[in-house]
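One line per chain: the protein sequences are A and E, in this order.
Take any residue in the first sequence, count from 1 to its spot, add 147: that is its number in the working numbering.
Take any residue in the second sequence, count from 1 to its spot, add 271: that is its number in the working numbering.
Don't read these hints as lab results, they were simulated from the structure.
Built from N, CA and C at the ideal position, the CB exists for glycine as well.
Do not rely on the hints blindly, as some may be mistaken.
Claimed, not checked - Chain E residues, not near chain A, derived (Cβ > 12 Å throughout):
#, residue
1, Asp332
2, Asp335
3, Gly369
4, Leu371
5, Pro378
6, Pro380
7, Gly394
8, Arg447
9, Leu450
10, Thr467
11, Ala470
12, Leu487
13, Ser500
As the list claims (entries may be wrong) - List time: in silico SDA-like cross-link candidates among lysine to any residue, alpha-carbon distance up to 25 Å:
#, chain 1, residue 1, chain 2, residue 2
14, A, Lys289, E, Ala364
15, A, Lys289, E, Gln326
16, A, Lys289, A, Ala211
17, A, Lys289, E, Glu367
18, A, Lys289, A, Glu277
19, A, Lys289, E, Gly311
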Amino acid sequence: MTRSDASSPAPPLVFDQVSYWYGDLVAVNAISATVQPGITGLLGPNGAGKTTLLQLAAGLLAPASGTVAVYGEAPALNPAIYRHVALVPAREALPGALTPRQFVEARATLLGLADVRGATAAALALVNLEREASRPIEGFSKGMRQRTKLAAALVHAPTLLLLDEPFNGLDPRQRMQLLALLEARAADGTAVLLSSHILEEIEPVASTMLVMVAGRLAASGDYRTLRRLMTDRPHTLRIRSSDDRRLGARLLSEPDVVAVELTTEGMLVQTTDFTQLAHRLAPVAQASAVTVLAVQPTDESLEHVFAYLVGDEGRP
Amino acid sequence: MNVRVPVSRGVPRWGASARVLIRLAWVRTMSPLVLLGTTGLLLLPLLFAVLFAAQGSLSGDPVDFLVRRYDQLVGALATPVLALLLGTSAFSAEREDGTLVYLITTPTPRWWIVTVRLLWAGGLAGALSSLTVWGAGAIAAHGSNPEGVTSAYTVAVFFGGVAYAALFTVLGLRSRRPLVTGLLYVLFWEGALSGTFQALNFLSVRQWMLAVTLPLTTARAERLEGVPSAPFALVAAGVLLLAAIRLGARALDRLPAERSGS
């Protein structure tokens with residue numbers, strides 16, 4: 148077996164028809180993707196299989212079928228890969244009695260670093276935790292815990308960094324700092340696989356996206372392509388007004404309105420251009436002498452967006 | 272943000288990694304329950320010894336008293352329960368809250384992680400058991416060591432503490448309810464079954480512990496009839512230790528996956 152080597156010509160991470168299931172539940176279903184240096188966003192609603200995919204990449208799980216390769220090697224049962232790979236898990240738990248310095252030093256020692264203190268100091272500086280480095284973790288906020296986890300992951304300068312929902316609990320300023328940090332690592336050649344269920348979180352930094360829905364890879368590629376796929380789909384709005392029937396009849400004459408359905412809780416209006424309808428609704432209502440009481444998107448949840456991508460148009 | 276992390280990758284550092292693993296185990300294990308249980312188990316034999324010593328010459332033969340207390344209170348209760356508390360705690364907190372991932376996502380070999388934690392739990396359980404044996408002997412026999420009984424049991428319970436801890440450390444990694452399973456094992460296998468069926472003595476840590484006392488003391492040797500020989504006990508405990516390390520390392524390779532989140 149060859150040694151894991153970040154300088155190897157093999158890509159940092161390759162999934163080839165990878166599947167994994169818990170009992171009868173298929174968590175990851177025949178996923179093929181390659182993660183190159185730079186930032187790759189792993190996007191999907193809760194329960195999509197992102198955590199399982201990251202655990203497969205980190206070697207904590209072995210695929211039921213297919214192969215995972217980290218620099219050309221199978222990561223499962225291969226602790227040598229952790230010289231180059233780090234995982235930041237989603238769970239917040241950390242040993243509360245330790246300080247961040249003690250915790251990161253412990254990781255640095257277990258990682259076999261020669262200069263434990265130097266590496267720890269540098270990692271804590273990277274995440275701006277120097278001032279809190281000697282305080283017990285148990286009193287930390289979510290954001291500070293997240294930064295402690297990041298310092299522990301970055302202490303050995305991994306070339307493949309796997310982050311599971313790293314923005315959870317961070318305030319906007321901390322998010323910006325983390326994004327800047329990840330961009331800097333990516334610029335240095337680190338491959339970053341970053342999971343999130345919020346597109347806007349990772350859109351600014353991820354050059355490539357993998358979108359997972361129900362264990363499947365629903366889409367992949369450049370984020371602009373995915374954004375277009377997400378916005379060009381039909382939208383459904385629930386509109387309540389003083390006279391739904393009259394307003395609905397007028398809206399049907401609008402070019403982007405596909406269908407109108409009257410219900411007991413207002414009318415459902417389906418449109419191919421959400422922005423255009425939003426601009427036209429007020430003038431149309433005014434022209435019809437109808438008062439609009441409420442406008443509510445019915446399918447704006449991420450699950451609906453991702454579910455749309457599972458359709459033929461969204462497939463990679 | 273522009274600070275560069277020094278990339279300095281070395282080989283596994285055995286001593287330093289052992290210290291880290293023990294330190295993490297210590298801060299995660301010393302819960303109020305463990306401290307309370309440990310203190311109670313340690314004080315019980317000492318309390319009996321104090322009562323025995325307080326009655327002076329009316330108490331009877333100190334050797335007979337010590338052998339019975341060592342067998343019943345230490346060998347059958349304090350040592351296995353201490354080992355159960357410490358052995359199952361060696362990984363349980365980290366396993367429950369998911370922080371075990373920070374140990375196993377390192378190049379430190381998993382067999383080494385298990386070995387260190389197992390020896391930490393066993394050493395602590397053994398040392399505390401030995402301490403209570405020595406203390407009870409010193410009190411009841413007024414500082415003497417009649418027929419070598421105190422020294423023999425001091426060695427035997429240390430040996431038993433390590434063997435029990437090996438068993439319970441693996442149980443902590445492989446069972447969902449290690450405390451309950453371990454207690455059932457102590458009560459039924461070590462207590463009821465091995466006391467009833469002599470053939471099971473060869474598979475009983477308690478009997479191995481008694482076997483270790485055989486060459487070290489002449490006290491009440493007839494009590495020890497039917498137990499395995501000391502060499503058998505040492506070999507059996509060695510096999511148990513190696514099997515525990517192997518099974519524990521395999522358990523770390525196949526931890527139940529975290530399914531929370533996504």
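Going through the hints against the structure:
Interface exclusion of E/Asp332 from chain A stands, the closest Cβ pair being 48 Å apart, more than 12 Å. The claim that E/Asp335 is not at the interface with chain A holds, since no C-beta of that chain comes within 12 Å of its own (minimum 46 Å). With a closest Cβ-Cβ approach of about 4 Å to chain A, E/Gly369 is found to fall inside the 12 Å limit, against its non-interface label. Remark: the non-interface label on E/Leu371 conflicts with the geometry, its nearest Cβ contact in chain A lying 10 Å away (cut-off 12 Å).
The Cβ of E/Pro378 does not lie farther than 12 Å from every Cβ of chain A; its closest approach is about 5 Å, which violates its non-interface assignment. Not every Cβ of chain A is farther than 12 Å from the Cβ of E/Pro380; the closest lies at roughly 7 Å, contradicting the non-interface assignment. Even its closest Cβ contact with chain A, about 20 Å, leaves E/Gly394 beyond 12 Å, as expected for a residue assigned away from the interface. At roughly 15 Å, the least C-beta separation between E/Arg447 and chain A is larger than 12 Å, which holds for a residue marked as non-interface.
Non-interface status of E/Leu450 relative to chain A is upheld: no Cβ of that chain comes within 12 Å, the nearest being about 20 Å off. No Cβ of chain A comes within 12 Å of the Cβ of E/Thr467; the nearest lies about 40 Å off, and the non-interface call holds. Listed as a non-interface residue, E/Ala470 keeps its Cβ farther than 12 Å from every Cβ of chain A; the least gap is roughly 38 Å. At roughly 39 Å, the least C-beta separation between E/Leu487 and chain A is larger than 12 Å, which holds for a residue marked as non-interface.
The claim that E/Ser500 lies off the interface holds: its Cβ sits roughly 39 Å from the closest Cβ of chain A, which is beyond the 12 Å cut-off. Between the alpha carbons of A/Lys289 and E/Ala364 the distance comes to roughly 20 Å, so the proposed pair stays at or under 25 Å and holds. A C-alpha spacing of about 60 Å is found between A/Lys289 and E/Gln326, which places the hinted pair above 25 Å, so the restraint is violated. Our distance criterion of 25 Å between C-alpha atoms is broken by A/Lys289 and A/Ala211, whose separation comes to about 34 Å.
Straight-line distance between C-alpha atoms of A/Lys289 and E/Glu367 comes to about 19 Å, which keeps the hinted pair within the 25 Å bound. Taking the CA atoms of A/Lys289 and A/Glu277, the gap is about 17 Å. The hint holds against a cut of 25 Å. Under the criterion of a C-alpha separation no larger than 25 Å, the hint pairing A/Lys289 with E/Gly311 is inconsistent with the structure, at around 38 Å.
Checked against the numbered hints listed earlier, the structure breaks hints 3, 4, 5, 6, 15, 16, 19; every other hint is satisfied.
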